[in-house]
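J.: Protein chains in written order, with the numbering used here: chain L, 1 to 236; chain S, 1 to 302; chain E, 1 to 343.
Honestly, I wouldn't trust all of these hints.
[Said to hold, decoys possible] Some chain L residues well away from chain S (every beta-carbon gap over 12 Å; in silico):
id: 1; residue: Q64
id: 2; residue: E72
id: 3; residue: E117
id: 4; residue: I121
id: 5; residue: P123
id: 6; residue: R124
id: 7; residue: T183
id: 8; residue: M197
id: 9; residue: K201
id: 10; residue: A232
[Stated by the list, open to error] Think about it this way: if two alpha-carbon atoms lie no more than 25 Å apart in a straight line, the pair counts; the simulated DSS-like pairs of lysine-lysine are:
id: 11; chain 1: S; residue 1: K88; chain 2: L; residue 2: K53
id: 12; chain 1: S; residue 1: K191; chain 2: L; residue 2: K109
id: 13; chain 1: S; residue 1: K88; chain 2: L; residue 2: K109
id: 14; chain 1: L; residue 1: K108; chain 2: S; residue 2: K191
id: 15; chain 1: L; residue 1: K153; chain 2: L; residue 2: K108
id: 16; chain 1: L; residue 1: K153; chain 2: L; residue 2: K70
id: 17; chain 1: L; residue 1: K53; chain 2: L; residue 2: K70
id: 18; chain 1: S; residue 1: K88; chain 2: L; residue 2: K108
id: 19; chain 1: L; residue 1: K62; chain 2: S; residue 2: K191
id: 20; chain 1: L; residue 1: K70; chain 2: S; residue 2: K191
id: 21; chain 1: S; residue 1: K88; chain 2: L; residue 2: K70
id: 22; chain 1: S; residue 1: K88; chain 2: S; residue 2: K168
id: 23; chain 1: L; residue 1: K153; chain 2: L; residue 2: K62
id: 24; chain 1: L; residue 1: K153; chain 2: S; residue 2: K191
id: 25; chain 1: S; residue 1: K168; chain 2: S; residue 2: K191
id: 26; chain 1: S; residue 1: K168; chain 2: L; residue 2: K153
id: 27; chain 1: L; residue 1: K53; chain 2: S; residue 2: K191
id: 28; chain 1: L; residue 1: K153; chain 2: L; residue 2: K109
These are calculated hints, taken from the structure and not from any lab test. Computed from a prediction, not measured in an experiment: that's the story for all the values here. Quick reminder that beta carbons are idealized off the backbone N, C-alpha and C, glycines included.
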Amino acid sequence: MSLVVSHLTVHHGAICAVNDVSFTLTQGELTAVIGANGAGKTTLLRTLSGLNKATQGSATWKEQDLLHSKPEHLVRSGISHVSEGKAVIPELTVAENLDLGAIWRRNKKERILTRDEVVSIFPRLGERLAQRADTLSGGERQMLAIGRALMSKPQLLLLDEPSLGLAPLIIEQIFQTIRELTTAMGLTVVLVEQNAMGALKIADTGIVLNLGSVAISGNAASLIVDAQVRAAYLGY
Amino acid sequence: MIQFINTTLIGITAGSIYALMAIALVLVWRSTRVINFAQARMALLSTYFGYEAMVRTNSFWIALLVAMLGGGLFAAIIELVFMRFLLKRSASGPIASVAPIIATLGLYGVIRAVTASIWGGQELQIVAPVSNVGYSIGTETLVFSPLKLLILISVGVLVLLLSLLFQKTNIGLALRASAFSPEIASLSGIKVDLVRTLGWSLAGAVGAMAGMFQTVDGTGTFSPDSIGFTLLFVSGFIAAVIGGLESLVGAVIGGLLLGLVISFVLMYISSSLFFIAPFLVLLLVLFIRPQGIIGVKAARRA
Amino acid sequence: MHKLRSIHHFGLFVVFGFILFLASNRVDELRVYQGASVAVFVIAIASLILLTGYSGQVSVGQGALMALGAYGAAVVRNELHVPILLSFFVAVLVAAVGGALLGAAAARLSGPYLAGTTLALAIGIPPLANQFSILGGEQGLAFDVGNPPARLGEDFTQYKWFFWIAALAALISMWLLSNILRSRYGRNWRAGRSNEVAAQLSGINTGRSKILAFTLSAGIAGLAGALLSMTIGTVSPSAFTYNLSLMLLAGAFVSGVSTLSGVMIGAVVLVGIPEIADVVANRIGSSENISTNLPGFLNYALLILTVLFVPNGPVEQHHARQARKAAMKKIKSLPKPSMEGNT
Numbered sequence: 001m002s003l004v005v006s007h008l009t010v011h012h013g014a015i016c017a018v019n020d021v022s023f024t025l026t027q028g029e030l031t032a033v034i035g036a037n038g039a040g041k042t043t044l045l046r047t048l049s050g051l052n053k054a055t056q057g058s059a060t061w062k063e064q065d066l067l068h069s070k071p072e073h074l075v076r077s078g079i080s081h082v083s084e085g086k087a088v089i090p091e092l093t094v095a096e097n098l099d100l101g102a103i104w105r106r107n108k109k110e111r112i113l114t115r116d117e118v119v120s121i122f123p124r125l126g127e128r129l130a131q132r133a134d135t136l137s138g139g140e141r142q143m144l145a146i147g148r149a150l151m152s153k154p155q156l157l158l159l160d161e162p163s164l165g166l167a168p169l170i171i172e173q174i175f176q177t178i179r180e181l182t183t184a185m186g187l188t189v190v191l192v193e194q195n196a197m198g199a200l201k202i203a204d205t206g207i208v209l210n211l212g213s214v215a216i217s218g219n220a221a222s223l224i225v226d227a228q229v230r231a232a233y234l235g236y
Numbered sequence: 001m002i003q004f005i006n007t008t009l010i011g012i013t014a015g016s017i018y019a020l021m022a023i024a025l026v027l028v029w030r031s032t033r034v035i036n037f038a039q040a041r042m043a044l045l046s047t048y049f050g051y052e053a054m055v056r057t058n059s060f061w062i063a064l065l066v067a068m069l070g071g072g073l074f075a076a077i078i079e080l081v082f083m084r085f086l087l088k089r090s091a092s093g094p095i096a097s098v099a100p101i102i103a104t105l106g107l108y109g110v111i112r113a114v115t116a117s118i119w120g121g122q123e124l125q126i127v128a129p130v131s132n133v134g135y136s137i138g139t140e141t142l143v144f145s146p147l148k149l150l151i152l153i154s155v156g157v158l159v160l161l162l163s164l165l166f167q168k169t170n171i172g173l174a175l176r177a178s179a180f181s182p183e184i185a186s187l188s189g190i191k192v193d194l195v196r197t198l199g200w201s202l203a204g205a206v207g208a209m210a211g212m213f214q215t216v217d218g219t220g221t222f223s224p225d226s227i228g229f230t231l232l233f234v235s236g237f238i239a240a241v242i243g244g245l246e247s248l249v250g251a252v253i254g255g256l257l258l259g260l261v262i263s264f265v266l267m268y269i270s271s272s273l274f275f276i277a278p279f280l281v282l283l284l285v286l287f288i289r290p291q292g293i294i295g296v297k298a299a300r301r302a
Numbered sequence: 001m002h003k004l005r006s007i008h009h010f011g012l013f014v015v016f017g018f019i020l021f022l023a024s025n026r027v028d029e030l031r032v033y034q035g036a037s038v039a040v041f042v043i044a045i046a047s048l049i050l051l052t053g054y055s056g057q058v059s060v061g062q063g064a065l066m067a068l069g070a071y072g073a074a075v076v077r078n079e080l081h082v083p084i085l086l087s088f089f090v091a092v093l094v095a096a097v098g099g100a101l102l103g104a105a106a107a108r109l110s111g112p113y114l115a116g117t118t119l120a121l122a123i124g125i126p127p128l129a130n131q132f133s134i135l136g137g138e139q140g141l142a143f144d145v146g147n148p149p150a151r152l153g154e155d156f157t158q159y160k161w162f163f164w165i166a167a168l169a170a171l172i173s174m175w176l177l178s179n180i181l182r183s184r185y186g187r188n189w190r191a192g193r194s195n196e197v198a199a200q201l202s203g204i205n206t207g208r209s210k211i212l213a214f215t216l217s218a219g220i221a222g223l224a225g226a227l228l229s230m231t232i233g234t235v236s237p238s239a240f241t242y243n244l245s246l247m248l249l250a251g252a253f254v255s256g257v258s259t260l261s262g263v264m265i266g267a268v269v270l271v272g273i274p275e276i277a278d279v280v281a282n283r284i285g286s287s288e289n290i291s292t293n294l295p296g297f298l299n300y301a302l303l304i305l306t307v308l309f310v311p312n313g314p315v316e317q318h319h320a321r322q323a324r325k326a327a328m329k330k331i332k333s334l335p336k337p338s339m340e341g342n343t
C-alpha cells in the first residue's frame, strides 16, 4: 500500500467538496477517478499535492504525510501534480517549462539527462524546444505539462483531466502514452477524468465520486460493465 | 543644435534613473502583483544608509554598495513581515484589490515619519565620485558630465546583470515562473514564498541605486521631503506603466522615453509644466495604449 | 416606506445640529476651531467614501479636487465679490467639473493604475497655481468669509462663525449624501464595484456610473476645500499638498470606507492625532525631530493597522459581527438535516 487515503474531508468555506473519501493504491497502480463536474475530483487531487487544506482525515504516500506540507516540498518527495487546464506557463519556452520541472534538483547532469529522456518520449517537444509554450497546440501543451511533471522523476503522478479540450485522436494518444509511461516507469498514477470511458480503459482500478463521496470503486474492467456506472457516466 | 544634444542627454540620464525606479516597481509587481507605493520612500531610506556609510568612509562606491545592501535587506524584511501578512488577510472581499494600495501608502507615511525622526528634516549631502561639470566641445559646454556618463554606464551594467540573472540562471527562471504562475511554480518545487522575498529584495536594491544617483545627479543634497524623491515615485510609476509593467526591457524603455519627453517638453514648451507633464504623459499612454509599449493585451488583471 | 426613512434621517440631522449648536456655546475657542476642522474633514472624507468605498475607485488625489474648489471660491469672491453662499456653490461647481473630466479620463482605469494616476494629479495640480497670477502664486489668495452677522451678538467670535458654517454645510451635505447613497445610484455604484461585468450585464452603465461618482465626489471635496480655506483665511498650493490627499485616504479607511456611518471617526482621528501626538511627545520628552513627525507616524501606523485588522472599518466590522452572531443563533435553532443518499 503506497498511497493511503483515509476519511479525507475537504471544505471550500462552508461547502463540503470531498466527503469522507478513503482508498488505497499500490505502487505501480493506475486508478481512474471519475465523476460529474463538481464531484470533488479536482479538490481531491489538489489536497493530495498540498494546494488545498484538508479539514479532516489523512493521506500518506509511503508513510509520508501529504496533508501538512507545501506543494514545493511534496515535489521533492516524488509527487508530481499536473493541474487542470493551465499546467504550462505560456510565456516561457518549451525548454524552460521542462527545466522548471527539474529546477529543484541539484545535479545538473542528471537534469540534462532527464530532459533528453522526456524529449524521447515526446519527440514533438524536442522539435519545439526554443518556442514559447503559447505557440503549441492543445495536445502539445498537454504533452509538455506531463513532460514537465516527469522531469522531477516522480513516483506518484496526479493528473487532472489531461484530455480536457483536446481532439479525440489526440486524447487517444495521450491516454496511450499515460498507460505506457505508468508501466515503463513503475509510476503510481491517480488519473482524474471526465472522459470516463477513456480513463477506465487504461486504468487498473477506478473510483467514482459523486458529490464528494465515493459512490463505487473497484477493478476498472468491472466498472466499465457495471450497470449504474454505464448509465450515469459511460452513456450506454 | 547644442541645445538639442543637451536636452537629449539630460533626458536620457534622468530617464535612466526613472528606469531604475520603474525596474524596482516592475520587480515587485511581478513577484507579488502589488504596486508598492512606498518604493521611493524605501529608496530614500536606503539613501540615508548610503549617507551614513559616506560619512564614515568618504567613498561613494562603498556608500552605494551599503545603500543597495541595506535597501535589499530592508525590502526583504518588509515583504516577510508585512506584505505576507497583509496578502493573507486581504485575500478576499471588497477590500482585496485596494488593501495593498492603502497598506503601501501607509507604509510610505510611516517610513517618511521614521526617517525624518531619525535624521531630521535638514538637507544632507552626498558627494559625487566624479565631477558634474559638463564636457566641452570646442567652446561649448554640454550639460553632459562625467557624472552623467557614469550614471548611464552604471544603469546599463545593472540592467545587463539583471537580464542575465533572469534569462540565464535557475534563480531567474524561478523568479519568472513564480511571477507568471505561482501555482505551477509551486508544483514544480519552487519555494514561491522565498522567491517573492527575493523579488522584493532585488527591487529594494535597485531602488536604492536610483535614490543615490538621483541625489548626486541633482543638487547633491536630500531630505525627507526632497521633491526629487516625491517625483521619483511618480516618474518611476509612469515609466513602468509605459513599459507595460511586465518586463524589465519595458521599464527601461519607459524610463528613457519619459525622460526624453519631459526633457523636451521642459526645454521647448515651458519649464513651468514640470509637475504636470508626467501626469499628462501618463494619461496619454493610458488612453492610447494602456497595456504599455511592450505589454501584451493580456487577460491578466491588476 | 422610503419617504419615512428620509424624514427620519432628516430629523436625526436636525437634532444633531441642535446639539452641536448648544455645544459650540460652551467650549473654548480652540475646540470650536477644531470642531470646524472636523466638520471640514467629515465632508472631505465623505467624498472619498463615495468614490472609493461605494464606487470602488481609489483616489489619492482628493486634495487636488479640494484645491480646485477652494480656488474657484476664492477667485469668484475676490474678483466678483459674490456672497459667501454663492462662492461655495461655485466651489462645488468648479470641482465637480474637474471631477467629471478626471472621471472621464479615469473611467477605464482601476486599482493601482487609478491610484497612481490620481497621485500624479495630486502632485501636479496644486503647483499649477503658481503659473497664473490670478491664482495668487505661491502666497495664494485671501479668502475671507466676512464677519459674523451683527445680530448674533458681540460675543460671537470668528471661529464660532467658521464652526457654524462648516457644521451646517457638513450636516446638509451628509444628509444629502446619505440619501443619495441609499438610492439607486448608490446601489449601482456598489454593484459596479463588486463585479463590473455582472453589473454591466444587469444593465448598469458602469462607465457613466463611475463618472457620476467622480463628479459628485469632486463637488463635495470642492466644498470641503472652500471650507478649509475659510478656516485658514487663504488659498495656497501649500495647503493642498499630496500629503493632504494621503491623510484623507487614511481618514477614510480608518472610518470604514464602505459606509458613511463611521465618517466622524476618521475626521476626529485626523484632527485629534496631532493633539495626542503632542501630549505623548511631551510626556516622553522627546526631541524635536520625533515630535514633529509623531503625528504623521501615528496617522499612517493607524492606517496600516486598520487595513490589516479592520479592513472594512470599525463600523462595518461591528455590524458584520452582529450579523454573524445572529446567523449562528438561527442556524443552531434549525432542525438537523437528515443524511440522505445522492440525487
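J.: Give a verdict on every hint.
T.: Structure-based check of all given hints:
With a closest Cβ-Cβ approach of about 16 Å to chain S, L/Q64 is found to remain outside the 12 Å limit, as its non-interface label requires. Not every CB of chain S is more than 12 Å from the CB of L/E72 (nearest about 5 Å), against its label as outside the interface. Interface exclusion of L/E117 from chain S stands, the closest Cβ pair being 17 Å apart, more than 12 Å. Residue placement check: L/I121 keeps its beta carbon more than 12 Å from all beta carbons of chain S (closest about 18 Å).
Every beta carbon of chain S lies more than 12 Å from that of L/P123, the smallest distance being close to 23 Å; the non-interface claim holds. Against chain S, the non-interface label of L/R124 holds: every CB pair exceeds 12 Å, the least being about 20 Å. No Cβ of chain S approaches the Cβ of L/T183 within 12 Å, the least distance being about 24 Å, so the stated non-interface status holds. The non-interface label for L/M197 is consistent with chain S: the shortest C-beta to C-beta separation is roughly 28 Å, beyond 12 Å.
No Cβ of chain S comes within 12 Å of the Cβ of L/K201; the nearest lies about 27 Å off, and the non-interface call holds. Non-interface call for L/A232 relative to chain S: holds, since the shortest CB-CB distance, roughly 31 Å, exceeds 12 Å. Annotation: proposed proximity of S/K88 to L/K53 holds, straight-line Cα distance about 15 Å (limit 25 Å). Using a Cα cut-off of 25 Å, the hinted pair S/K191 and L/K109 holds, with the two alpha carbons roughly 22 Å apart.
With a C-alpha separation of about 39 Å, the suggested pairing of S/K88 with L/K109 is violated against the 25 Å cut-off. Taken as a hint, the L/K108 and S/K191 pair is honoured in the structure, with Cα atoms around 19 Å apart against an allowance of 25 Å. Using a Cα cut-off of 25 Å, the hinted pair L/K153 and L/K108 holds, with the two alpha carbons roughly 14 Å apart. Between L/K153 and L/K70 the CA atoms are separated by roughly 18 Å; this keeps the pair inside 25 Å, and the hint holds.
Distance hint between L/K53 and L/K70 is fulfilled; the C-alpha atoms sit about 10 Å from each other, no more than 25 Å. For the given pair, S/K88 sits about 35 Å from L/K108 by alpha-carbon distance, which is inconsistent with the 25 Å threshold. Under the criterion of a C-alpha separation no larger than 25 Å, the hint pairing L/K62 with S/K191 is consistent with the structure, at around 23 Å. Among the hinted pairs, L/K70 with S/K191 is consistent with the structure: their alpha-carbon atoms are about 9 Å apart, no more than 25 Å.
Distance hint between S/K88 and L/K70 is fulfilled; the C-alpha atoms sit about 16 Å from each other, no more than 25 Å. Among the hinted pairs, S/K88 with S/K168 is inconsistent with the structure: their alpha-carbon atoms are about 32 Å apart, more than 25 Å. Between the alpha carbons of L/K153 and L/K62 the distance comes to roughly 16 Å, so the proposed pair stays at or under 25 Å and holds. Restraint check: the Cα-Cα separation between L/K153 and S/K191 comes to about 18 Å, which is no more than 25 Å; the hinted pair holds.
Proposed proximity of S/K168 and S/K191 is supported: the alpha carbons are some 19 Å apart, at most 25 Å. Proposed proximity of S/K168 and L/K153 is supported: the alpha carbons are some 23 Å apart, at most 25 Å. Between L/K53 and S/K191 the alpha-carbon distance is near 18 Å, which keeps this suggested pair within the 25 Å criterion. A C-alpha spacing of about 14 Å is found between L/K153 and L/K109, which places the hinted pair at or below 25 Å, so the restraint holds.
The earlier numbered hints that this structure contradicts are 2, 13, 18, 22.
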